[in-house]
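Residue-level listing of the chains:
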Amino acid sequence: MPASRLRQASYGHDKEPNSARDSTADAAILRDGQSERGYRMIESFQVENFRSFRDLELKGLPIVNMIVGQSAAGKTALLEAIRMGLGATPTVAWQLSATRGIAVPMPINPTREQFDAAWKPYFRDFDITRTIKFNTSDSEGRAARLEMYFDQESPVTPILPNIAPAPNTPTLTNTIIPLAFKRKSFTSEENTLYATVHQQAMGQLHLQQGPELGTVSEFFPSTWQSNAQQVAGWFSQLRISNRSEDILDIISKQFPQIIELSSENPYGFSSVYAKVKHKSEMMPIALISSGINKFVSLLIAIRTYRGGVVLIDEIENGIYYKMFPALWEALHQFANDNKTQLFISSHSWECLKGATGVIDGHESDFSLIQVVNEDGFSKAYKASGKNAAAAIESGIEIRK
Amino acid sequence: MTFSLTKDFVILCEGAADRSFLNKLLEIRQINDFDLPDNDQLGKHEGWQSFGHKLSALAGDPSAYSRIKGVLVIADSSDSAENRFDEICQKIGSDGPFVANGFAKPLSSNVIAHQASGHPSISIMFIPPDRAGSLESICADAILAECSWIAACLESYLSCDKIDVLNWGAEKRDKARLQCLIAALNKNDPNKSLRYLFSVKPPMINLESNIFDKIVKNIIDFRDDLIKL
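Protein sequences, first through last, are from chains A and B. In this text, residue positions in the first sequence follow our numbering: the first is 61, and each later residue adds one. In this text, residue positions in the second sequence follow our numbering: the first is 94, and each later residue adds one.
No wet-lab data here; the hints were simulated from the structure. Values in this document were obtained by computation on a predicted structure and should not be read as measured data. Ideal placement from N, C-alpha and C gives every residue a C-beta, glycine not left out. Where hints are given, some of them may not hold.
[Stated by the list, open to error] Derived pair list, reagent style BS3-like, types lysine-lysine, alpha-carbon separation capped at 27 Å: (1) A:Lys442 x A:Lys413; (2) B:Lys137 x A:Lys413; (3) A:Lys439 x B:Lys100; (4) A:Lys119 x A:Lys244; (5) B:Lys137 x A:Lys119; (6) A:Lys382 x B:Lys137; (7) A:Lys242 x A:Lys180; (8) B:Lys162 x B:Lys310; (9) A:Lys439 x B:Lys162; (10) B:Lys184 x B:Lys137; (11) A:Lys460 x B:Lys100; (12) A:Lys460 x B:Lys162.
[Claimed, not checked] Here are some chain B residues pointing at chain A (derived, C-beta under 10 Å): (13) Thr95; (14) Gln123; (15) Asp126; (16) Pro130; (17) Trp141; (18) Gln142; (19) Lys147; (20) Pro155; (21) Tyr158; (22) Asp188.
This is chain B alone, in the form it adopts within the complex (with noise of 0.2 Å):
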């Protein structure tokens, strides 16, 4: 199956949890503007490294290219989401369709950049919006706003100091968090991945949360500055 460039502004993310769940937020909110290519076909071009790669094979496409009005870049926050802006701009422009010194970097996250003619705006966002994590984090947030009565159980497991999860990094702490939110929620099969999450109808995770709409904002945000232009 290959992926068709249609639309005027694409979303390019990590990996496939993080692109079915945008997927699903943006049909659950009604934001039809953007493509998210299912470009991970080999596997091995996942990853916040990936979106240099990424970007090349947007302009892989050139006729879609030269369309496309902006690419917004959905990361996770990780640990320190100052660190990854910089090192995700430095694999844009290394492995990007840039010549050499030709990707103009965003000022920080959520401002665009308006590049050199022939490639279009790029915007690079993080997932939580303000604070270490990642795509778990979030989900994992919007799981206990609906199921608060595992919330005291979790916490209990998790500051076990046998373990110690509370004092790792933001990032593995909260997919340590969702994997045993994933596990205790899912009876039948409690391997279940962040991915099926999204793939059930309805979502078990509630995308109508208010928990979501500072991403929401942001991705519209930067569709309608790029269309005010």
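Bound-form chain A, shown alone (with noise of 0.2 Å):
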């Protein structure tokens, strides 16, 4: 399930976080023009006890990284790792959890077991005991830092209505210990948020809010389709605030068939249409194809992102081969024009093959971040974009 579309569901847990998060993007867009100031590119990233991470760093970070490594070496845990570090709230954490289809709905009144269960496989070796680490600097030398952690001095013991037991059942009162969410942002500004209980509300789960740390950041799962509502909200917004015809201009030099894009409306569901060639009617580009869909979806949450961070896992999900030159060339571009990081994973040797094209004369755009599984623990290597396009050329296995 797309990470954003979980936005809109309930959890049974207040729904402001989404419109925290939006209200981010959407300042990121208001910010046009004094970009600079709102450039938040992540410089280097560390993090401990993050799912099978033991403790990684990584430095010197371009604005287009590509993520490489085999099944289960942790390159989605490292793309996820980058989105807890910005995003920093317990809503973010269930939101990645539900993307692997981890999270289920949490019972009212849970027992701790069924708490912890939530959380646990955010863990190193599902040890609870620890601290989860996150620190991120980015590129104008300011840190933000997250640390999550059960607090054990702060347990919770919902106070349930005083409603009868059945004969001979006892009444359960759980007690849970709340997971912590330790927090200091890119501004300094520290605080604490917690995956929780309400005390009152018969013990239903509490997700408490909080802004981000103030890099705006989107997560694209491998299983990602295109929110066609979502994305034509970004859209409609950018062509509100005219920053919408270069998407067009990219799209066509691709796809010389679409000749317009706009965001439409006609029955009650909003989606991107676009003008064909040929065509009476402009249709939804979802119908025209889903690479293309994919592809104009990418372009325009980077735009959207502008200054902050999009993270793609498994790009080639949906795209012809003989496209992949076109998409990074897209993304290379809209990356740079945008200031918005990428950090982009594939395992399709034909897809980093089409990076190559785009990496020579831009090497110091790109760097290449290898994760591998040793000794039980997923560690990173970086490769330097120049290094990286070599390597492809020549054949050599980067994909581990």
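Please dock the two separately framed chains into a single complex, following the hints provided.
As structure tokens, then:
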């Protein structure tokens, strides 16, 4: 399920988190003309005890970062770690779990085991006594920090309504240990949010809300399929602020049959529509081609999250192989134009090979991050764009 | 097809024929610690000019690169191994995976230069090891050692003053010599390549010959010196 779609879902907790995230993204749009000030590219990133990472540090990250590795090496976990380190809210954690199909609706008045189970997979070796740590530095030398841990000093025991239990049935009163998100933003604001249960509302799951740490980010999981309404919404905002024309330029350069893009809502359901040569009516772009739809959606996302970070897992899914060089060219151009940093994982040799043409001449804009599993831990190794392109051109197996 | 780097040592050579020769030589001499990447897929990075790019390609697999203890660069001696040594070092410095001026140049051929942390040690070795020429020179020697009956005819042809091959530079002269030998010894297809000689079983060149011992010794010394560290 798309991470962004989850914003619209209800898990029995507050619904503001999405607005908090969206407003951050919108703010990035509204800052047009001040993009240098809004520039938050990740320069370095460090994570401890998250999923299979014991201690990972990446430095000198450029604007386009390609991530490779075998299945189960930790590629998706790395993308999740970056998203978590920037988002840093209980809601982001819950959403990421859902994209993995892990999160299940939390029962009312959960047992401690039920509550812990929702968060346990984030902890290395499922050891919830550890503290997960994220440290992120941006290109302006500022740092953000997140620590996730079960706060033993703040147990919560819901107060249940005074209803007489059935005969011979014990009154169940559960006590959970809340998961703390201790945060320091890029602007040095510190606070702690909790994933917990309401003490009053029957012990319903409560994900405390707060802004992200300052760098807007979006995660497109491998299972992502365009959320037409969301992408149409983004596109509308770009159109309103006169910042959508170059999207059409790029798309029509690659797909000359497309001569116009617009966000339409003919039947109460928004979607990006395209005017196609020799067709009498505009049509939803998803009907033209899922690959073109993904192409367009990613460009819109990069523009929407300008100055921030877009994370894309298994980018090759749904893309026709001949489209890869054009896709990389467009992603690189758009990432640079918008100062949106990209982290893109791929299993596909054809996809990676498609990047070499654009790396040539822009070597410093690219890096390759190789995620490998060694001794049960995920580790990451980084190569420069120049070396990565040389390896790919030479047929050196970089995917491990 | 992609090539996976799995071993502690890597040999980089100029082209496909060199790779075929070295692969077969290492196989027959039972030296199993070296990867010889087939990194010529596009055909645009061949020859001694390619070594910087090939080293960068190794670094493009950063997890393997961090594990590699040593890279042995093997090149043709050409007409002047000393000049070629300087040229190769210059190319490695400019095209390789090192930061500006970061490549530690070996003192001379067959001398190991340890590099900055994160990079494997590097040595440059020439074929033939002790004179001008190329892989073809030493392969021609090996064939002539087995087929001495052809030597007089061959030298007579090469010394014909109409073509004057013996006065060409050593590298070209020995390539011509080997082409003549291959043609003379392959009646069914006189156009066979040097690479072909190593692809047949048994190879048409006796790689057990002591003519190749010096090359093998240099390779083993390189490996053992680094293992001792």
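Hint check results:
| no. | hint | in the structure |
| --- | --- | --- |
| 1 | A:Lys442 x A:Lys413 | 18 Å, holds |
| 2 | B:Lys137 x A:Lys413 | 16 Å, holds |
| 3 | A:Lys439 x B:Lys100 | 19 Å, holds |
| 4 | A:Lys119 x A:Lys244 | 20 Å, holds |
| 5 | B:Lys137 x A:Lys119 | 32 Å, violated |
| 6 | A:Lys382 x B:Lys137 | 22 Å, holds |
| 7 | A:Lys242 x A:Lys180 | 17 Å, holds |
| 8 | B:Lys162 x B:Lys310 | 18 Å, holds |
| 9 | A:Lys439 x B:Lys162 | 20 Å, holds |
| 10 | B:Lys184 x B:Lys137 | 15 Å, holds |
| 11 | A:Lys460 x B:Lys100 | 14 Å, holds |
| 12 | A:Lys460 x B:Lys162 | 19 Å, holds |
| 13 | Thr95 | 4 Å, holds |
| 14 | Gln123 | 25 Å, violated |
| 15 | Asp126 | 18 Å, violated |
| 16 | Pro130 | 6 Å, holds |
| 17 | Trp141 | 16 Å, violated |
| 18 | Gln142 | 14 Å, violated |
| 19 | Lys147 | 7 Å, holds |
| 20 | Pro155 | 4 Å, holds |
| 21 | Tyr158 | 8 Å, holds |
| 22 | Asp188 | 9 Å, holds |
Hints 5, 14, 15, 17, 18 from the list above are not met by this structure, while the remaining hints are.
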